[in-house]
Amino acid sequence: MLCAEDQLTPSATRPAPPAAVLEGLAGYVPAEVVANDGLPSAWGIDDAWVHRRTGIRERRRAAPGVSTGELALEAGRRALVVAGGAPVDTVIVATSTPDRPMPAMAPHLATRLGLSGAAAWDVSAACSGFLGLATAAGVEDAVAGVLQGCRA
Numbered sequence: 009m010l011c012a013e014d015q016l017t018p019s020a021t022r023p024a025p026p027a028a029v030l031e032g033l034a035g036y037v038p039a040e041v042v043a044n045d046g047l048p049s050a051w052g053i054d055d056a057w058v059h060r061r062t063g064i065r066e067r068r069r070a071a072p073g074v075s076t077g078e079l080a081l082e083a084g085r086r087a088l089v090v091a092g093g094a095p096v097d098t099v100i101v102a103t104s105t106p107d108r109p110m111p112a113m114a115p116h117l118a119t120r121l122g123l124s125g126a127a128a129w130d131v132s133a134a135c136s137g138f139l140g141l142a143t144a145a146g147v148e149d150a151v152a153g154v155l156q157g158c159r160a
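Position one of the sequence shown corresponds to residue 9 (this note's numbering), numbered consecutively onward.
Because the hints were derived from the structure by calculation, they are not lab data. Glycine included, C-beta positions come from ideal geometry on N, C-alpha and C.
Across the chosen pairs, the derived CB separations fall in these ranges: (1) 127 / 37: 21 to 29 Å; (2) 127 / 71: 29 to 37 Å; (3) 33 / 125: 19 to 27 Å; (4) 60 / 89: 33 to 41 Å; (5) 133 / 74: 15 to 23 Å; (6) 92 / 56: 39 to 47 Å; (7) 70 / 49: 18 to 26 Å.
Working from the sequences, and respecting the hints, build out all of it.
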């Protein structure tokens, strides 16, 4: 949204917005691997069918009783280690399987990570949640670099 003042001020004279800096990036997946061949035969699909349509060869399954919040907590701890003590001002959780629909998971996660002063919110999305997360954080270029590194 532009205000009248913005419309009158040439963009070259406006200060640049502050940059978002991604200090720590990490993930966590459960140990149990479920390959496409391990999917129920009653579904009438096989590895080739799944891989051809999705590119997926395996997925991870959390142990019974392990919540999304617990997986996020471990990923958050790892990200803090990678960040090396850099200050954290925002926590964003991107998931389509929150522990509960309300309240959001991110504020609770931030508190569990000892980041009670950080802004925190959820991005509700499935596979594209990672991209929504990057957009919300303003770090699209950093994520693009990470993804490029994954393909190398």
